[in-house]
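**Student:** Sequence:
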Amino acid sequence: MGRWILGAIILMFVGLGYGLMTAETRMADMQSNIKTDLVTAGYDWADVEMSGNEARVSGTAPSLAEQQNAIQIATDAYCSACKDKHRWHTVEDATKVVELAALPTQSPYSFSARKTESGTVILNGYVPSEEIRGTILRNAVEIFGNDNVADDRLILASGAPDGRWTDVITLYMRNLAQLDSGRLLIEDFEGSLQGKSSSRDIQQALYGLMGDGTSEGYNFVGNVAVPQVPVQVFGQSGSQTICQGLLDDLRNGRKINFASSEAVIRGDRNFDLLAELASAANQCPNFRIAINGYTSSDGEAEMNQKLSEDRANAVLFYLSEQGGIELARLAARGLGSDNPIASNATPEGREQNRRIEFILSRAE
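For what it's worth, UniProt numbering labels the leading residue of the sequence shown as 1, then goes sequentially.
No lab work stands behind these hints, which were simulated from the structure alone. All C-beta atoms in this analysis are idealised placements derived from N, C-alpha and C, irrespective of residue type, glycine included. Treat the hints loosely; a few may be bogus.
[Claimed, not checked] Okay, derived cross-link-like pairs now, DSS-like style, lysine-lysine, Cα gap no bigger than 27 Å in a straight line: (1) 255 <-> 306; (2) 255 <-> 196; (3) 96 <-> 35.
[As the list claims (entries may be wrong)] Derived CB-CB ranges, DEER-like: (4) 63 <-> 120: 21 to 31 Å; (5) 230 <-> 362: 24 to 34 Å; (6) 120 <-> 268: 27 to 37 Å; (7) 167 <-> 238: 21 to 31 Å; (8) 321 <-> 181: 27 to 37 Å; (9) 135 <-> 301: 47 to 57 Å; (10) 345 <-> 161: 38 to 48 Å.
Make a model of the complete structure from these sequences and hints.
**Tutor:** Laid out in structure tokens, this is it:
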């Protein structure tokens, strides 16, 4: 009898020791499993400590969403040391959310994405939180490719028009991706999609999407150029930023050329550009357009002023007579060699300074 009792006691201690060893193994593995899942998900700010089968998750989350996601990941983690790999633990939430200073309010609230001919994309503008900034960046990488999102200049600020800001940005980034090159610009509830496409079908499809009500409440204009196809645009805008952007983007890397020392516009490319500028101006009927002519510093100041004014008037005449813009909305000014944008010491700089600029102002 005594031997049976002694044997039972020995077995009891062996079983207890095995149970303790198994529990220790489970605790260590469970802690490792939870930590691995958190780090893999990008939550390396979270620490894990096991006490029995309870996992205590601590650390400072950068946002409420990350805090909630981290606790859910810890709860869903599996026990690799358990026989059936089942959930073996409970979770104590000991995390906190970082206290952020109040964000400055931005008005107007804007966002832009520019796609170059090489496919590189640059993001710029405002976002209401780090979480939304991350969402926009992830969406941009998915849409344009990881290697193509070259830079982002997104700044935290409150003042987003509404809760659809991220969805509208994502929708129109997908539209921008279909263009060979171009720019998406959104300011409050106004937006524009402008650029170049080798396909008229893509142009028409994009214009159709702008008018299908998907982004109801947001007003978008389209200005997509297709080679060998007459200029065709979509919509009108009441935003000075959007409208100035339409004209500036069309002039980007292009200029209106004149015969040497004359106010005569020469070359089909110049008339193509003027036709595009006229179409963009007609998308913005609530604005006046100042046409400013400039020259280099070559020659006498009085002659330069006269030449720059004559060239500005030549552009005004074309936009009014051929482009269909009301004459009352146009004004021409000759500014001679004032306000150079490059050095007049080189031929290249002087060529840059010979230019026509378009400045919008709201009509009274």
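**Student:** Could you run down the list of hints and mark each one as holding or not?
**Tutor:** Hints and how they fare:
1. 255 <-> 306: holds (20 Å)
2. 255 <-> 196: Holds: residue 255 and residue 196 sit about 17 Å apart, inside 27 Å.
3. 96 <-> 35: Distance ~17 Å between residue 96 and residue 35 Cα, so the pair holds.
4. 63 <-> 120: 21 to 31 Å: Holds, at about 29 Å.
5. 230 <-> 362: 24 to 34 Å: holds (29 Å)
6. 120 <-> 268: 27 to 37 Å: 29 Å Cβ-Cβ, so the 27 to 37 Å window holds.
7. 167 <-> 238: 21 to 31 Å: Given a distance of about 23 Å, which is inside 21 to 31 Å, the answer is holds.
8. 321 <-> 181: 27 to 37 Å: 31 Å Cβ-Cβ, so the 27 to 37 Å window holds.
9. 135 <-> 301: 47 to 57 Å: This hint holds: roughly 55 Å between Cβ atoms.
10. 345 <-> 161: 38 to 48 Å: holds (47 Å)
Comparing the model with each earlier hint shows no violations; every hint is respected.
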